[in-house]
Amino acid sequence: MAIPISYNIRNLKLRKGLTIMTALGIALTVTTAVFLMALLAGLNKAFKSSGDPINVLVMRKGSTAELSGGFDGNLFPTLKTLPGIAKDPQGEPIASAEWVVVVVLPRKDGTGEVNVSVRGLMPAGLTLRPGAKLIEGRWFTPGQREVVVGNSIHNRFSGANVGDTLDFAKGQWKVVGVFDSGGTAYDSEIWGDVNQIATDFDRQGGYGSAYLRATDAIAADALKHRVSDDQRLKLEGTLETEYYEKQTSSGGAIKFIGTFVAIIMAIGSSFAAMNTMYAAVAYRSREIATLRIIGFSRPSILTSFVIEALLLSLLGAIVGIVLILPFNGMSTGIGNSLTFSETVFSLHLTWAVGLAAVGFALIMGLLGGFAPAWHAARQDILTSLRA
Amino acid sequence: MTLTRFVTKSAFRNKRRSILTVLSITFSLLLLTLMMTVWRTFYIDTFSAESAQRLITRHRVSLTESMPSFYRAKIRTIPGVVAVAPNNWFGGIYKDDKPENMFAQFGTDPDEILKIYTDFKIPADQVLAWQRDRAGAIVDVDLAKKYGWKLGDRIVFKGTIYPVDLELTIRGIYAGPEPTNSVYFNQTYVEEAVPFAKGRVGTFSILADSPGSVPKVASAVDDTFRNSPEPTKTESEKAFQLSFINSIGNVKAFILSICFAVLFATLLVSATTMAMSIRERTREVAVLKTLGFTRQSVLKLYIGEAVLVALTGGALGCLLAIGLVSALAHAPGMSFFFSGMKVAPPTLLLSIFVAGMVGFLSAIFPAYHAAKIDIVEGLRHIG
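Chains as they are written, first to last, in our numbering: chain F, 1 to 387; chain Y, 388 to 770.
Honestly, the hints are just simulated from the structure, not real lab data.
Any given hint could be a false lead.
In silico DSSO-like links for lysine-lysine, alpha-carbon gap of 30 Å or less [claimed, not checked]:
| no. | chain 1 | residue 1 | chain 2 | residue 2 |
| --- | --- | --- | --- | --- |
| 1 | Y | K502 | Y | K585 |
| 2 | F | K234 | Y | K482 |
| 3 | Y | K533 | F | K255 |
| 4 | Y | K639 | F | K108 |
| 5 | Y | K639 | F | K48 |
| 6 | Y | K502 | Y | K545 |
| 7 | Y | K402 | F | K13 |
| 8 | F | K170 | F | K48 |
| 9 | F | K255 | Y | K482 |
| 10 | Y | K485 | F | K61 |
Isolated chain F (complex conformation) (with noise of 0.2 Å):
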């Protein structure tokens, strides 16, 4: 027969001072923990949401990233005349020719210089993209010297609201609107017209990359093939979300610091699990005698301590994700390896990371509680109730 649970809260509630401690030192580990997963998560979100996946990314043979692009600016009217692309209500193809540069925006709060993307567009730019927003202001007029900032830019640097001036290349621009794309890598980026941007940079008569719209997912696949296959072109289409999906690799050094960290960290708080069940064990020798000579079974005696030490861990795990939950949608940046600029992203507590969080925790309790349950259970009787 199993012993209830209710006897396992009982004792953890008779021992509050040793099961609070003990709860917060697992709490503690898991709080690390899950501010990484979340990190990660919103890693992973800002880069597998950005990108449509019928827009298809068009750089030169060998390029892998748009900054590393450069082609001659007569191929883009043969790009535009390639089948597959949708046409706006004027007929025209949605194709948009870009640049994309970097450039260096001091911090808000000062703590330095932060690189920052600048992404050069023709007006089918922002039709190919309908998830920019505009939230405040208005889209920038091409031939001007003007841009649009994303969410991220907007709050995170001096100078970028509207009525602003940023100060970059050749000169200062000004700044119409603000955009949001809902998270994604285009939030962090600075967006005005092409052919600015690129008298400004020295790069006339190229392009770095190009976006086509495909009329639906198979065209889009088909459209990239046909990029890539046409040997006239020396070019290479991928699709934006396969782009996009490539760049979560910049998250590797967190990923692997990260899980090294989690993993330290919980062997130290198993040992003071073990501990915390050792201490349970010795303090009620007696009383598991007692419970066998009733007639409870080893195995009930096993089982009911290993409940006990994962009531403690998922106790801990529980404070450990209210720990966090301050935390969350805070933004930090990260460099991105391929862009050469700050991708900025928030943490996000998911599902997922909550479940994992749990998970790790009950693994916590598990190793902490399975060798004093074990030792509870192949205690001696009668030396157990002389004790």
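With chain F's structure known, arrange chain Y on it following the hints.
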């Protein structure tokens, strides 16, 4: 029985508990030492004496913009500049684009670059062979070991920024003061193959005549090009490298928060154990006091015991950290973060001190509580 022996005996009276506590502290201190080492390497360590004399000049707008190569001759005329050489990031792919196969390739001037990186160790005949072969390259010794490269081997880099694939012959293998994971080749190779690369330079490495003249040279270089269409930004080599570390994110806050979490967790573990252990011995305290131990000496006994346990954990943690850091520093693929990292003696001392403090702080309340008890009450106490 001396007092020290009494403390040692009672610290390990419950062997299992003491060992578990020691182990728990060991892992926490291991992490703490690791984090402090990373912090020290990034923010406190000064580089070699040679490095302190070097500067890097880049385009004012960002690292991804290039500068005209005639800047080199102008920089050379600035007082305090001993040598200046171009560095062009090639960004080529070796084998495949997996992160573990990513390393730097720089196009440069073989005649001058080694006059700036005076701390690169390379035999003179290899330098000569490199200078004579326009398609030659020198490679970092760790990189050569990783891929099994030998002198005379051919290596091919697929161009990503430039539409050209480099076919280079290894003419020299150099060893830097710390692993650089870089390949240097003659920039003229790229310039001849790619028209748009001609006359453009990514960064300039400058050697100043003394560490003291570095700030002066930096501002002199930037002043020279201030009003040109392409202004520059010049900074010391260390500042330049730090800007890369900062680009990973807010590393400082990251390390600090981990350190605090670890410290607090350790304190909790240690305090829990001490509270358990002291409460168990309430009767023992009463006996000690009956024998004539003062309140103060009881306090000292228990605090000494906790400090001993914590110090044991701390020492073990430090030993593990030393081993782990040296393993990581030599592990392939980890080189970017951990290359050349070593646990410094001051870091070890600090870790040991922290461990001692953890022991002290965790014992002070339960010990104070125990020392205060009334003898008769204590004797009556049932464990």
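Results for each hint:
no., hint, in the structure
1, Y:K502 with Y:K585, "holds (24 Å)"
2, F:K234 with Y:K482, "holds (22 Å)"
3, Y:K533 with F:K255, "holds (24 Å)"
4, Y:K639 with F:K108, "holds (17 Å)"
5, Y:K639 with F:K48, "holds (27 Å)"
6, Y:K502 with Y:K545, "holds (29 Å)"
7, Y:K402 with F:K13, "holds (27 Å)"
8, F:K170 with F:K48, "violated (34 Å)"
9, F:K255 with Y:K482, "holds (24 Å)"
10, Y:K485 with F:K61, "holds (18 Å)"
Hint compliance for this structure: hint 8 is the single one not met.
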